[in-house]
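A.B. asks: Based on the provided sequences and hints, a complete structural model is requested.
One letter stands for each residue in the lines below.
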Amino acid sequence: MLASERAVGWTMVIELVRRKDLYVLALLVLVLVGAAAAIDFFGVEGVEVYLREMAATLTLLFTVIIAVAVVARQIPRETERKTLVPILAKPLTRWQFLFGKFLGAVVCFTAALVVFWACSALIAALKGVGLTWLAMQAAVLQWLGLVMLTAMALLFSALVSETPVSVTLSLLAYFLLKGFTAHIHILASGAAGVGAWLMGLLYTVVPHFEFYDTSQMMAFAPLQRPLAVLDWLFFGSYALGYTAVFLAGAWLAFRRKRF
Amino acid sequence: MPSHWDATRPVLEIRDLEVTYGRGSRAAKALDGVSLELRPGEIFGLIGPNGAGKTTLIKAVLGLLEPDRGEVRVGGERGGSVAAKSKLGYMPELATYYDFLRAGELLRLCGRLCGLRGRALERRITGLLDQLGLTAHRRKLIKHYSKGMRQKLGLAQAMLHRPELLLLDEPTSGLDPLARRDVRRLMGALRAEGRAVLFSSHELSEVEMVCDRVAMINGGRVIVTGTIDEILKPYRSYRARVRTNQVERVREVCESCAGTLVERSALEEHIDSCILVAHRIEELPRLLVRVLEAGATLEDVDHGYESLERLYAEIVEGT
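Those sequence lines, one after another, are chains A and B. So for the first sequence, this note's numbering puts the first residue at 1; every next one is plus one. So for the second sequence, this note's numbering puts the first residue at 260; every next one is plus one.
By construction, these hints were calculated from the structure, which means they are not laboratory data. Wrong hints could be hidden among the right ones.
Unchecked claim - Straight line, CA to CA, 25 Å or less: simulated DSS-like cross-link-like pairs of lysine-lysine:
| id | chain 1 | residue 1 | chain 2 | residue 2 |
| --- | --- | --- | --- | --- |
| 1 | B | Lys399 | A | Lys20 |
| 2 | A | Lys82 | B | Lys406 |
| 3 | A | Lys20 | A | Lys82 |
C.D. replies: Structure follows, in structure tokens:
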């Protein structure tokens, strides 16, 4: 099942393993979370809060970098290096090729997420801080958000022909959307008439990556609570819905592209 | 030839193919009404200058670009479809592959994309690497391969699933003479197995040596197509070598015959001999009689073709 897609995706995993990005970023996580832990050494209180927030924030940030670096450059770079043509000449459809890239990227960022969380958990354990169920919940939510992001980056990869443009657009779109979409309804509450309606529409239509970042929740105890089943259903279907939309867009852009 | 192949059915049919790059005032026709047909066991050479449309034609066959008009069929299947692509193998002009992979890994990827699995795939990979002399380099990363090794790897990935049709874009480029000979032998072996090869090259001598038929493309159009004999027929020449110590006298005789006894002739002058070249068999004796009367001695008579290179230059440069 999905043999061609798995073959295409597996190549991306081999590339991630043979490139040095993942190791460098894992080392960075260790250094930065370790540095956060060292604050306690100087007598600053609340090391648990710092550690939890740093762990969640850095893990997400570095996994976003890995996910975007892996997927956004795929089609432009393969076009530039002319590695795309011999593969597309093989008996597979363009959808199979795209979906294989998507699957490969999911495996890559999942591996990165596990490595980064493991690094964070190691440092936290050394400091006697537990990353219990809350960390698991944060990791799963991050994973869902990253699935969405990967599909969006693949769309940019299929749309533009230059690697730096595709990577920049993907990162910019992610951080802008994550930073500002949460505030749209606040703006809407201050507007009236058509303006308010448009703001409401915008809030509904744009993807909310901030739903999947729980670093604040991780840090501050009063907000810590397990998500209910309905919440999980909502977050899961929301991420899958947008993923499907982005993948469909990527396929539309890629299916008749000339190489 | 495998029993399920139909020897009478063309492996590749290209009908009235038109491909345009750009739009509006920037539109440029890369292919303009190209029609070709390849039969099983045939090696077909595609020749033409850079930008003539050879690679565009190959890409259209692969389905990498949608033609504006016309049709491509590979083994009866619509060009670019999975069914059509499973019947062909392609080796690109620039042998660029995932350079972070090893040869075995690349071939495994290609094999899986072609539906090969397990031990059968591993046996095929081992056999091909052995045949192409890459066994010792199987575990080396492709980024450490030389150009010649990459070309061989390109051939291996194209031949992996034993396709009916091979599209080889400049397959001998960058290879040393012995490796070129090996590739020619390989193409011969593929022909003997009943596979068809569409072979694009700038090496005209190689095309003459290997191909059963050729098509010369220029400006996106097929200028001439046929067997080497057919397309060079107008360029057939009849030659007589004569020994003389009066080369100038022979030249005068030839010039006096031009337009009267012979329609078109040429003279290749050497120190103590000349070669008379006529383009019609009946013209050579007329010319020869006059030259022998002028004191020359006949040494040899033969006939031959002017090379494909001459025809190529004539078509491309309009000379």
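A.B. asks: Does each hint fit the structure? Answer for all of them.
C.D. replies: These are the hints, each one checked on the structure:
{"no.": "1", "hint": "B:Lys399 with A:Lys20", "in the structure": "holds, 19 Å"}
{"no.": "2", "hint": "A:Lys82 with B:Lys406", "in the structure": "holds, 15 Å"}
{"no.": "3", "hint": "A:Lys20 with A:Lys82", "in the structure": "holds, 23 Å"}
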